[in-house]
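Novice: Listed here are the chains, written in short residue letters.
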Amino acid sequence: MAFIKKKANKNESYYMASQWTLMGRKLKKHKLAKLSLLILGILYLGVIFSGFIAPYGLEDYDKLYQNTAPTKIRFYHEGEFIGPFVYSLEKYNNPETFRVEITEDTSEYYKLKFFTKGVKYKILGLFESDIHLFGTDVGSNGSTSGKVMLFGSDQLGRDIFSRILYGSQISLTIPFASAAISFVLGITIGSISGYFGGVIDNIIQRIIEVLGSIPSIPLWMAMSAAIPAGLSTVKMYLLITIILSLINWCGIARVVRGKFMSLKNEDYVMAARIAGVNDAVIILRHLVPGFLSYLIVSITLSIPSSIIGETSMSFLGLGIRSPATSWGVLLDETKNIANFSQYPWKMIPLFFVILAVLAFNFLGDGLRDAADPYK
Amino acid sequence: MESVTAINKKEHILEVKDFKVNIRTDEGIITAVRGIDFNIKKGETLGLVGESGCGKSLTSKAILGINEKICESLGNIFFDSNDYGLIDLVSLNPKGKDIRNIRGKEISMIFQEPMVSFSPMYTIGNQINECTRLHITKDKAKSKEISLEMMRKVGIANVEKRYNQYPHEFSGGMLQRALIAMALVCRPKLLLADEPTTALDVTIQAQILELMKELQRELGMSILFITHDLGTVAGMCDRVAVMYLGKIVEIAPVEEIYQNPKHPYTKGLIGSVHKIGNKKEERLFSIEGTVPLAMNLPPGCGFYERCEDRIEGLCNRAEVDLVSIGNEHEVSCFACDHEACKAFRAKVEAELDGNIGGN
Amino acid sequence: MAKYILKRISLFIPTLILISLIIFFVIQLPPGDYVDSLISARSAEGEIFTPEEIAHWREYYGLDDSWYIQYGKWMKGIITKGDFGYSFIYGKPVWSVISRTVGMTVILTLIITVFQYAVSIPIAIYSSTHQYSVGDYFFSFIGFFGQAVPNFLIAILLMYWSFKATGSANLGLYSTEMLQNGIHLYNLGEFLKRLIIPIIVIGTASTCGIIRTVRAQMLDEQSKQYILAARSKGVSENVIIYKYCLRAALNPVVSGIGGMLSHLFSGSTVTAMVLNLQILGPELLKALKAQDMYLAGTIVMVQAFLVVVGTLLSDIALAWLDPRIRYTKGRD
Numbered sequence: 001m002a003f004i005k006k007k008a009n010k011n012e013s014y015y016m017a018s019q020w021t022l023m024g025r026k027l028k029k030h031k032l033a034k035l036s037l038l039i040l041g042i043l044y045l046g047v048i049f050s051g052f053i054a055p056y057g058l059e060d061y062d063k064l065y066q067n068t069a070p071t072k073i074r075f076y077h078e079g080e081f082i083g084p085f086v087y088s089l090e091k092y093n094n095p096e097t098f099r100v101e102i103t104e105d106t107s108e109y110y111k112l113k114f115f116t117k118g119v120k121y122k123i124l125g126l127f128e129s130d131i132h133l134f135g136t137d138v139g140s141n142g143s144t145s146g147k148v149m150l151f152g153s154d155q156l157g158r159d160i161f162s163r164i165l166y167g168s169q170i171s172l173t174i175p176f177a178s179a180a181i182s183f184v185l186g187i188t189i190g191s192i193s194g195y196f197g198g199v200i201d202n203i204i205q206r207i208i209e210v211l212g213s214i215p216s217i218p219l220w221m222a223m224s225a226a227i228p229a230g231l232s233t234v235k236m237y238l239l240i241t242i243i244l245s246l247i248n249w250c251g252i253a254r255v256v257r258g259k260f261m262s263l264k265n266e267d268y269v270m271a272a273r274i275a276g277v278n279d280a281v282i283i284l285r286h287l288v289p290g291f292l293s294y295l296i297v298s299i300t301l302s303i304p305s306s307i308i309g310e311t312s313m314s315f316l317g318l319g320i321r322s323p324a325t326s327w328g329v330l331l332d333e334t335k336n337i338a339n340f341s342q343y344p345w346k347m348i349p350l351f352f353v354i355l356a357v358l359a360f361n362f363l364g365d366g367l368r369d370a371a372d373p374y375k
Numbered sequence: 001m002e003s004v005t006a007i008n009k010k011e012h013i014l015e016v017k018d019f020k021v022n023i024r025t026d027e028g029i030i031t032a033v034r035g036i037d038f039n040i041k042k043g044e045t046l047g048l049v050g051e052s053g054c055g056k057s058l059t060s061k062a063i064l065g066i067n068e069k070i071c072e073s074l075g076n077i078f079f080d081s082n083d084y085g086l087i088d089l090v091s092l093n094p095k096g097k098d099i100r101n102i103r104g105k106e107i108s109m110i111f112q113e114p115m116v117s118f119s120p121m122y123t124i125g126n127q128i129n130e131c132t133r134l135h136i137t138k139d140k141a142k143s144k145e146i147s148l149e150m151m152r153k154v155g156i157a158n159v160e161k162r163y164n165q166y167p168h169e170f171s172g173g174m175l176q177r178a179l180i181a182m183a184l185v186c187r188p189k190l191l192l193a194d195e196p197t198t199a200l201d202v203t204i205q206a207q208i209l210e211l212m213k214e215l216q217r218e219l220g221m222s223i224l225f226i227t228h229d230l231g232t233v234a235g236m237c238d239r240v241a242v243m244y245l246g247k248i249v250e251i252a253p254v255e256e257i258y259q260n261p262k263h264p265y266t267k268g269l270i271g272s273v274h275k276i277g278n279k280k281e282e283r284l285f286s287i288e289g290t291v292p293l294a295m296n297l298p299p300g301c302g303f304y305e306r307c308e309d310r311i312e313g314l315c316n317r318a319e320v321d322l323v324s325i326g327n328e329h330e331v332s333c334f335a336c337d338h339e340a341c342k343a344f345r346a347k348v349e350a351e352l353d354g355n356i357g358g359n
Numbered sequence: 001m002a003k004y005i006l007k008r009i010s011l012f013i014p015t016l017i018l019i020s021l022i023i024f025f026v027i028q029l030p031p032g033d034y035v036d037s038l039i040s041a042r043s044a045e046g047e048i049f050t051p052e053e054i055a056h057w058r059e060y061y062g063l064d065d066s067w068y069i070q071y072g073k074w075m076k077g078i079i080t081k082g083d084f085g086y087s088f089i090y091g092k093p094v095w096s097v098i099s100r101t102v103g104m105t106v107i108l109t110l111i112i113t114v115f116q117y118a119v120s121i122p123i124a125i126y127s128s129t130h131q132y133s134v135g136d137y138f139f140s141f142i143g144f145f146g147q148a149v150p151n152f153l154i155a156i157l158l159m160y161w162s163f164k165a166t167g168s169a170n171l172g173l174y175s176t177e178m179l180q181n182g183i184h185l186y187n188l189g190e191f192l193k194r195l196i197i198p199i200i201v202i203g204t205a206s207t208c209g210i211i212r213t214v215r216a217q218m219l220d221e222q223s224k225q226y227i228l229a230a231r232s233k234g235v236s237e238n239v240i241i242y243k244y245c246l247r248a249a250l251n252p253v254v255s256g257i258g259g260m261l262s263h264l265f266s267g268s269t270v271t272a273m274v275l276n277l278q279i280l281g282p283e284l285l286k287a288l289k290a291q292d293m294y295l296a297g298t299i300v301m302v303q304a305f306l307v308v309v310g311t312l313l314s315d316i317a318l319a320w321l322d323p324r325i326r327y328t329k330g331r332d
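Protein chains in written order, with the numbering used here: chain A, 1 to 375; chain B, 1 to 359; chain C, 1 to 332.
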């Protein structure tokens, strides 16, 4: 009998569990969504601790290291195992071709070590430090020309790995900021439209329809062309965020309106209204919680388009511009096919964009399945 | 055990023998129908009564082979077909030509919710006529005439206009009439009616039931009438089979079941459903009938947990079978006071004791 | 139904006017105008201009009015004379600058649209009738990937591989020879070959989207009771799939044509720059960077116009396809 009781209790908890518990439980079963969550977690840790993880600063460059392939990490120096280390580069006059070439200088080695000192940075703009997760040690002769560039370097000799981390600070936060703005705009406008209906609804629907008819990237391009050059990074960031959210709210507003339309005639809303509850409270306390999960899903699914939007605009030179760096800016060098087919590591930022976009999509998909807890 | 050819061709149109349905789910296999036997005589109406999830709909759909892919039918369903003679419907390929020839033509079905039983994309006429053209004639004018005739017969007024209308232009009751027309347009020998009136309001329910009886007399067909509502059974059926958790617990002619119900579940249904147990148990019970528990059923009678007459140590240990107690009445309950049941109980108890002794 | 279509058509013009207003407003947002960028360019070369000269130019280019008056004039020109304004960087009327590009954009868009439906619907039917098969998983994965990854990134990858494999990236829609002689029957093959990569790259996102929608919709339909009712009539599986499921699943596809076109223009804008295609996108970037407002405005306007036309056509097609819309929306 204990068996049946136990089953019954299990069922009891199934029926009594809150919507969020159920969503969490279903999400746990969704393997791809779980993996995506893990990947996004790592990426966002990178955003927070980029200064610490990146061995070099955003603008640190070294003429010697222009367009170098990812640094080879070695273990044996002159046949002797000495742990992970790198060689530095040196200029070398080739007597046959009579040209200056750049080759590895194997006479001196630079050990890799954790917690090296480097450029100063701030974590979250609060904690200042100059300790970096890893870096190269000073050589035995005291020289510091050994560099570790995991993903190679760009035309100016800047470390792509470090720049991807700094770029993520913009590329991975703009979508969130713009999602937050779209969220507020979408809920406000959508609920007004759905709750009051009539003429207001008609006007709002027309506006959404009109905005939807204009292809988003051309419109984004036109708007970001209005950003004057030479703005501070913060202002540029804010403007791009606003531009992205100016179109994204439409989708959320449409979802909210649809839900309002179907929920506002429910008896419990009528009951609240008869009891004299005012409109704002009815909307926030009784209606919004009823479809919050759907909203979170649609926001998650709107983030990839923001990432793509920001990347595209920056890629075209209309969004974030140097010296500020986003993933789109990093892709700039891939515009020239001869350039990046010679130095294919310059495509690495591209894989981060794809990874982030895919992860958000899978997470959104998992959330969508989970949002229907009883299915 | 009776042999496979036991179907009495003169009397029975359908014989279901040791029939089971297994459902494959992520969590394992659920046996939703756990071995049932019954038959339907020519021209009679058999009521199949039980609550949701007891397997009655699965049984009716299995007759036509239209259960979902995850459902597997086991056992035999013999049907006395005009075209194929005596045929086991379970053995037919559910996508094959043979079963499709029987569907709609010799056996057809009407469903619980008429509003969703028609595709919203095509006219009612198109969908009724589809059946006529498949089974009766390819001739456009003739088949349309036959379809219109059946629409008139089920009481749809102004059929010429209605023929070209879409489902959303029909009321619920009218749609159920159209659905009946679609099911009967080929004058089938057997009609499966799966809760045909549940979704309709009461006055229309009565009309539809009356219509079904009329058409049954006219066409001389048999009906398997599935419902959870014992009220409609009294007026419609000749015999009643009561199903509980995938098994038939009692089967008897309709007067017999109302006057002399033997199984505690049947008694409960006929009395008042609310009488059974207190509120808490009722909640627990409705959970029990749902899918997660049907998978790990403990041995013994499925009704044991809710039963007022249960016998500890017997009902929860031994499987119980249908026992004939005369007058076409069969019941499967150890607690039944009839001589035949007592004999059966004694036999099972002896076996149980023997097993314990043996161990 | 006639009423419904009339209603949609009557909304068509106001929508376009509203769109043009928004576009013009956005386009003139950048501080400064063409004359400013012209002067700064020429000043850099050492020329000096008097305020009178600058004012004269402003007047000449019609840039001395406030933006709504400029908008009014622009609209008047479009409506009365079909004149879309003057392109500053090309020094000729906008329409003569982009007419050829518009033609190419429309042709490419049409080809891509046909390609999308021709590829995606059969795959969706296969996937939905073979749910959870290896093929279904394969297409689902490809579909997800294609929909999630921005197509200009796919373009970069394809270009890289094509460059590595053949030594040329096969860029542009026309070869130098075609630019000189135009497209004729003898070089049509070469032209079509150059279309392959753009079609695949630009078309992927929507193709994958359609596969996912149609597959999900068909599976959804299959679980509906009317399918069961049809099956109980003795209807064959093919009729069930094509007559019932597919018909119902096409509705969201048809109603999504407007959105699909909008996506197509969005995606193709950046992709075209990567692949160096002579369509509207790259022209737009050029115009925006030089503050050539009428050219930029007209390009966005043309794209939006095509989307609105697509939406209108899809609304009409939907009314024709779905009897419920024909019936209910015709009345209100």
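FYI, nobody ran anything at the bench for these hints, they're computed from the structure. All residues carry an ideal CB built from backbone N, CA and C; glycine is no exception. Among the hints, a few may not be true.
As the list claims (entries may be wrong) - Computed beta-carbon distance windows for the label pairs:
#1 S262(A) <-> G43(B): 30 to 36 angstroms
#2 L219(C) <-> Q207(B): 50 to 56 angstroms
#3 F141(C) <-> E319(B): 45 to 51 angstroms
#4 P228(A) <-> S66(C): 43 to 49 angstroms
#5 L231(A) <-> A216(C): 40 to 46 angstroms
#6 R100(C) <-> V119(A): 48 to 54 angstroms
#7 D321(B) <-> I296(A): 40 to 46 angstroms
#8 L219(C) <-> K97(B): 44 to 50 angstroms
#9 I296(A) <-> L110(C): 36 to 42 angstroms
#10 Q207(B) <-> V106(C): 40 to 46 angstroms
Novice: Take the hints in turn and mark each one as holding or not.
Specialist: Consistency of the hints with the structure:
1. Look at S262(A) against G43(B): about 48 angstroms separates their beta carbons, and that is not inside 30 to 36 angstroms.
2. In this structure, L219(C) and Q207(B) break the distance hint of 50 to 56 angstroms, their C-beta atoms being roughly 37 angstroms apart.
3. In this structure the supplied range 45 to 51 angstroms holds for F141(C) paired with E319(B), their Cβ-Cβ distance being about 48 angstroms.
4. Our hint of 43 to 49 angstroms for P228(A) and S66(C) is violated, since their Cβ atoms are close to 20 angstroms apart.
5. Taking the beta carbon of each, L231(A) and A216(C) are about 44 angstroms apart, inside 40 to 46 angstroms as hinted.
6. The given range of 48 to 54 angstroms is respected by R100(C) and V119(A), whose C-beta atoms sit roughly 52 angstroms from each other.
7. For the pair D321(B) and I296(A), the supplied restraint of 40 to 46 angstroms is violated, since their beta-carbon distance comes to about 54 angstroms.
8. Against the hinted window of 44 to 50 angstroms, the Cβ-Cβ separation of L219(C) and K97(B) comes to about 25 angstroms, which falls outside the hint.
9. A beta carbon spacing of about 38 angstroms between I296(A) and L110(C) agrees with the range 36 to 42 angstroms that was offered as a hint.
10. Here the CB-CB span from Q207(B) to V106(C) is close to 59 angstroms, at odds with the stated 40 to 46 angstroms.
When the structure is compared with the earlier hints, violations turn up for hints 1, 2, 4, 7, 8, 10 and for no others.
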